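2 protein chains.
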Amino acid sequence: MRKVAEYTYQVQPLDVDFSDRIRLTQLLGYLLHTAGRNAMENGFGMEALHEQGKTWVASRLAMEVAYYPKAHEIFRIETWIEDYGRVFTTRNFKMTGGDGSHMGAGTSIWCMMDLEARKALDLKGADYSAFVTGIPSLIEKPHRLPALSGEAVSRHRVKYSDLDFNRHTNSMKYIEWMADLFPLSLFQQRNITRLDINYVNEALYGEVVEIYRHQPCDEACQFEMRRGADIICRAGMQFDGPFNLMADK
Amino acid sequence: MRKVAEYTYQVQPLDVDFSDRIRLTQLLGYLLHTAGRNAMENGFGMEALHEQGKTWVASRLAMEVAYYPKAHEIFRIETWIEDYGRVFTTRNFKMTGGDGSHMGAGTSIWCMMDLEARKALDLKGADYSAFVTGIPSLIEKPHRLPALSGEAVSRHRVKYSDLDFNRHTNSMKYIEWMADLFPLSLFQQRNITRLDINYVNEALYGEVVEIYRHQPCDEACQFEMRRGADIICRAGMQFDGPFNLMADK
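Protein chains in written order, with our numbering: chain A, 1 to 249; chain B, 1 to 249.
Just chain A, same shape as in the assembly:
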């Protein structure tokens, strides 16, 4: 048992975007993978939970990225559990480049869900105190994002390829849908330096999710996803400089 565990990864060719740097969603995927791997090693991974009819669900995430590694680059992710309460547990991450340089950090808040009832479970039922470090996140906690109004800018019907092993939309898909609303020229000029997500409801197969985006969208951009009147998630993206969405269509 390691309270703070470190894992080494290599950026795979299929992880990168047109600029040969790791995509935001893939990097976030490595964070989630690291969370799952560490939980598995400590005996409370997805596989063990599924056998008990339970699953982990990400509730809020934040990630700051100082450097996006290229294909074949090595990087490391350290992870530790900060604390846990009745419903939520906080897991933090530190990302380091192959040369030891600061790459970024993340923090995530999870709840445990009953797969049948689709309801949050009491975490005090299991004793995770031996795994708690009390070590705080290296970045600000996930921001609580505001409600948006206006017209939907895009919509998606949840498809087979969107589903994960929890039988709901893979949490990274929402971020992919949001990132895809930007013109390619933005990713040629700017990097996303911070991402915040609040997951509220799960979206299931066949459901239609509408995306709302706060206008104007300058160095930061806020999104909300809804299914009818229900909020699915809210997200915020910060860039490393201003851009003009209207000029860069």
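FYI, nobody ran anything at the bench for these hints, they're computed from the structure.
It is possible that part of the hints are untrue.
Remember, identical chains collapse to one label, so a pair may be satisfied in a single copy or spanning two.
[As the list claims (entries may be wrong)] Derived lysine-lysine pairs resembling PhoX-like cross-links, with alpha carbons at most 25 Å apart: (1) 173 <-> 3; (2) 70 <-> 159; (3) 54 <-> 70; (4) 124 <-> 70; (5) 70 <-> 173; (6) 94 <-> 70; (7) 159 <-> 173.
All values reported here derive from a predicted model rather than from experimental measurement.
Starting from the structure of chain A, add chain B where the hints point.
Chain B only, in chain A's frame:
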């Protein structure tokens, strides 16, 4: 230098679909990754080629799958170059489960493209003869698929997340778009046992790709993707039994 190389993988939680088994596109991704990894080890990987303004492009692929492993399962992929000619080289694959069981096989035909001119290059310019094994594919070569007529059943505008390091649509995205046309109930009842793809043209950012599907679509299903009058790719999927697309909406 190994003429026949074997690599070991583990199915990651994010690789699987709602049924906890590896998705077809992810398994094909592991084949492409294996091809790239072996090419890199032999000195003609994507990184080396990109520095010369060249890239590998998959032209035709076929994969047969006897068993789809679950999350955390170990599997192995063996790969070897069968032969090469002026424009095309054939690379084959054998997939084996962690317990040594037969999992499937693949075969792929590649050409080398000039990144600037977007044209195929003469492979005889480089000498790959030391890497040629002459060992044939374990499955039938990729089928040459027929042209389809009728109405498009779906369309996609190529987005940021669809692009790969070659700056064109990731070859697996087409398969994802095709698989997503089936109802979820199909994947609850049936497995894809063979996939054939013929890539004809690349689709670039912002272009709209239309999908045509041959009707009726019973134990096998054929697809064509077009951009206006240009063929992008054709594909065929075979299932392990009949299904009725109309009944299982």
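Cross-check of the supplied hints:
1. 173 <-> 3: neither (30 Å within a copy, 39 Å between copies)
2. 70 <-> 159: Between copies only: 20 Å across chains, 30 Å inside a chain, cut-off 25 Å.
3. 54 <-> 70: Cα proximity of residue 54 and residue 70: across copies only (18 Å, versus 36 Å in one copy).
4. 124 <-> 70: neither (41 Å within a copy, 30 Å between copies)
5. 70 <-> 173: Close inside one copy (22 Å) and across copies (21 Å); limit 25 Å.
6. 94 <-> 70: within (18 Å within a copy, 29 Å between copies)
7. 159 <-> 173: both (11 Å within a copy, 13 Å between copies)
Violated hints, listed in ascending order, are 1 and 4; each of the other numbered hints is respected by the structure.
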